[in-house]
Amino acid sequence: MVTTPNGFDLDNTGRRIVVDPVTRIEGHMRCEVNVDDEGVIRNAVSTGTMWRGLEVILKGRDPRDAWAFTERICGVCTGTHALTSVRAVEDALGITIPDNANSIRNMMQLNLEIHDHVVHFYHLHALDWVNPINALRADPKATSELQQAVSPAHPLSSPGYFRDVQNRLKKFVESGQLGLFKNGYWDNPAYKLPPEADLMATTHYLEALDLQKEIVKVHTIFGGKNPHPNWLVGGVPCPINMHSTGAVGAINMERLNLVSSIIDKCDEFNRNVYIPDVKAIGGFYRNWLYGGGLSSKACLAYGDIPENPNDFSPEQLYLPRGAIINGNLNEVHDVDPRDPEQVQEFVDHSWYSYGESGKGLHPWDGVTEPNYELGPNAKGTKTNIKQLDEEGKYSWIKAPRWRGNAMEVGPLARYIVGYAKGHEDIKDQVDGFLRDMDLPVDALFSTLGRTAARALESEYCGRLQKYFFNKLMTNIKNGDESTANIEKWDPSTWPKEAKGVGMTEAPRGALGHWIKIKDGRIENYQCVVPTTWNGSPRDTQGNIGAFEASLMNTPMERPDEPVEILRTLHSFDPCLACSTHVMSPDGEELTEVKVR
Amino acid sequence: MSQIETFYDVMRRQGITRRSFMKYCSLTAAALGLSPSFVPKIAHAMETKPRTPVIWVHGLECTCCSESFIRSAHPLAKDVVLSMISLDYDDTLMAAAGHAAEAAFEETIQKYKGNYILAVEGNPPLNEDGMFCISGGKPFVEKLKHAAKDAKAVISWGACASYGCVQAAKPNPTQATPVHKVITDKPIIKVPGCPPIAEVMTGVITYMLTFDRMPELDRQGRPAMFYGQRIHDKCYRRPHFDAGQFVEAWDDENARKGYCLYKMGCKGPTTYNACSTMRWNDGVSFPIQSGHGCIGCSEDGFWDQGSFYDRVTDLTQFGVEANADKIGLTAAGAVGAGVAAHAAITALKAAQKKTQSTKEEA
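Quick note, the sequences are listed as chains A and B, same order. Residue 1365 is where the first sequence starts when you use this note's numbering, and the numbers rise one by one after that. Residue 37 is where the second sequence starts when you use this note's numbering, and the numbers rise one by one after that.
In short, the hints are calculated from the structure, not lab data. Heads up, some of the hints might be wrong.
Heads up, simulated EDC-like pairs for lysine to aspartate or glutamate below, C-alpha to C-alpha not over 20 Å straight-line [said to hold, decoys possible]: (1) A:Lys1750 - B:Glu138; (2) A:Lys1852 - B:Glu289; (3) A:Lys1423 - B:Asp346; (4) B:Lys114 - A:Asp1528; (5) B:Lys174 - A:Glu1737; (6) A:Lys1852 - A:Asp1426; (7) A:Lys1852 - B:Asp288; (8) B:Lys293 - A:Glu1845; (9) A:Lys1750 - B:Glu142; (10) B:Lys299 - B:Asp269; (11) A:Lys1535 - B:Asp288; (12) A:Lys1423 - B:Asp340; (13) A:Lys1746 - B:Asp269; (14) B:Lys114 - A:Asp1574; (15) B:Lys114 - A:Glu1578; (16) B:Lys293 - A:Glu1618; (17) A:Lys1785 - A:Asp1806; (18) A:Lys1750 - B:Asp165.
Predicted model, so just to flag it, every value in this text is computed and none were measured.
Chain A on its own, in the form it takes in the complex (with noise of 0.2 Å):
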């Protein structure tokens, strides 16, 4: 047994259990638990398997481009990458954008939270929870008198509508034909909920499908499709005219009153379905507050959605700023992205070579080289993984660290940050929704507590939607019709050589970029990503990342089936493209090209 320097303690000597592919998640994922005799896991080992090489791609080309080759990072966290990035080449040459450009960003950012937290919620994490063949056997009626219950404003509530969906799930299952549902965990007893609570789920997790393509419409306003829409350096694109000729093509009354509509409809899903529904459905989960990991230890925030268009000073975020470290919630450390001590990147345990071991290096000076080989103690061979070998190299992921601490981000990290800075809006749900569940604080740190503050978050960030809403509506009412700031548009403008740093909190946590700028083109770019941080392997100190903090100690009622595990891992939702393309200018040397 080894104890790690972040206060884990790691037996490898049980029943070894591999999980591959991790489904439900964007992105390729192995992991690797070792349980006790009691089906108790003591040992966890978490791989991203897949890299694209995105920032070696990027070196020479226009920094103005980088928005839409970093936005295909992810497709899930669709923009978030793109806003980052154009954040980074604005810092680099100084350029600032129009108030009404801030509303805008801001909106589609809060946008992609809500929309991300929703399909996240109810398509790769409900079926954790939820069981839709026991939805099967529930009383349409006794459905009905729940959801009149845990919400009463949700108009789809009476029997006659439960009916029809379980009619339509029966004819589903008995067509033999499973499909999305076939081979699942579905008489495993993890499973909590009475029929009629997996009724309203599964009639649920159908609601929020159409639901969901609706909320995106604010990203296909302002930047003309979804996924991926468009932004531009210096603002946005889409310009305002509300009362010329010409009017229909640009933002007018007509496309603010649809953007409007939406915010509405956002709003009233988060109150009436999702937040009852967690709730509700951790209701019977009240007991199952495993899966804390680094959350009640070690948490990180960039912060977001500023105030005023330029100023990402702590106080003017929305989205709180600040590191816990060493347990101590007591001291939120400020967060210096630019600072080389505070941000490093390890390699020992991840497919990368740094030609010497144990060295952290910060983004800016960034270097990977791929160099993939498995442990001496790894089964199978360099094409056909049976098991890896944790004190080798055995992830695609790299290691980050601030001040050399692994940290769990997202969700859960920003509300803990926000509670322990005593960040009003956030105080006031998390009590509330402690209270609701008679739980008290420390139940927070937990795979419960990081699926409840994802969905108070959206909530919040539904609020600020409106907000932001209201105050764009405001300034073109004042008179400002600005979206695009170009007066360093032209490369000719920009000083020879710049560096800069773009922050974002993206709805799986806190990512960030580096750029550096040379002659017009890009020199270097690094992006560190949430679901490196959350899902690092061991670094040279030998502390383990998030994912593998949260799996420890955790009981599987039945160890073949991992549904204790994904529940976790998938607490935290992990995005593997995103987490795995990190590579270096000097990355170019690679193996050699074999054509199969």
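Place chain B on chain A using the hints.
For chain B alone, coordinates are given in the frame of chain A:
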């Protein structure tokens, strides 16, 4: 088989009358450019067909194609998944994981040999023996080949599977490779775009279910019905192009008036896609309508054609738009001649395509 819910059942259950159902079928026929005689055929297919199994695999990607797919407004994604296809394997959405997921994959292949559709999102990297994308401990490319072997047809979703997309942009460090360069013995439909439009994705699937065959493909393997015309051909800002009215700088007066974005680098003149006609997200908008030029995301190698803000200069192949500035100066005269020339070229192109497709069928 009676308990299998068909598309018709779904519509009836949702309170849609027989009359409305038939109307839907004729609208579908019209949308697909088919004569009214096809209406009963569509109706029959939707009334009787069991759900076609689909295996949806993921390589190097960003998952924007899956995200786009669930945005479909007609048909709704839930109706596609619950009632039109049987999505028996899709690592992004399926309940099972690990061994149980792999088992679902194998079972589907064995049970429906030759009868399932393989949908591919993303692409396989070939460097590092394929281990830049690992699934089940093995290179993704193996999984792709295995699934393709017994597939009825392959759909290459999006720019990644069709052409390589961003990870294949220069210098393509992982040697990310489009599907048709790895799978060479199966019919492949390319549905490019980053991502493709949601209703194009469900339109392609619905077409295949309805007619039980591939849609007509152009020389590049794209469904001609959705990729047959340039964005520029059907752009609502086209009259401004023809009149020489251009946006000269972001957020200038002309931008606010909705003038043509050609000078801001719009790739509409060289991009084949349905954006300017179908538009995005239930028809709400498309990039040009929202003020940014098209970046050409459905074209092969669009990442390596210079900056997205560089003006398209190679318009000479069609003659008409060779010099937008010049057209602007002599707008009135150019328009008439332009329209005529354009029509002639379109006719010529149509003839060429006919020859091509005849050849392919032969």
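Tested hints:
1. A:Lys1750 - B:Glu138: 14 Å, holds
2. A:Lys1852 - B:Glu289: 19 Å, holds
3. A:Lys1423 - B:Asp346: The given pair, whose Cα atoms are some 18 Å apart, holds under the 20 Å limit.
4. B:Lys114 - A:Asp1528: Measuring from Cα to Cα gives roughly 15 Å; hence the hint holds.
5. B:Lys174 - A:Glu1737: Holds, because 14 Å separates the two Cα atoms, which is no more than 20 Å.
6. A:Lys1852 - A:Asp1426: 14 Å, holds
7. A:Lys1852 - B:Asp288: 15 Å, holds
8. B:Lys293 - A:Glu1845: 13 Å, holds
9. A:Lys1750 - B:Glu142: 18 Å, holds
10. B:Lys299 - B:Asp269: 17 Å, holds
11. A:Lys1535 - B:Asp288: 57 Å, violated
12. A:Lys1423 - B:Asp340: 12 Å, holds
13. A:Lys1746 - B:Asp269: 51 Å, violated
14. B:Lys114 - A:Asp1574: 8 Å, holds
15. B:Lys114 - A:Glu1578: 14 Å, holds
16. B:Lys293 - A:Glu1618: Within the cut-off at roughly 15 Å; holds.
17. A:Lys1785 - A:Asp1806: Answer holds: Lys1785 of chain A to Asp1806 of chain A is near 17 Å, not above 20 Å.
18. A:Lys1750 - B:Asp165: 17 Å, holds
Hint check: violations occur at hints 11, 13; the rest are consistent with the structure.
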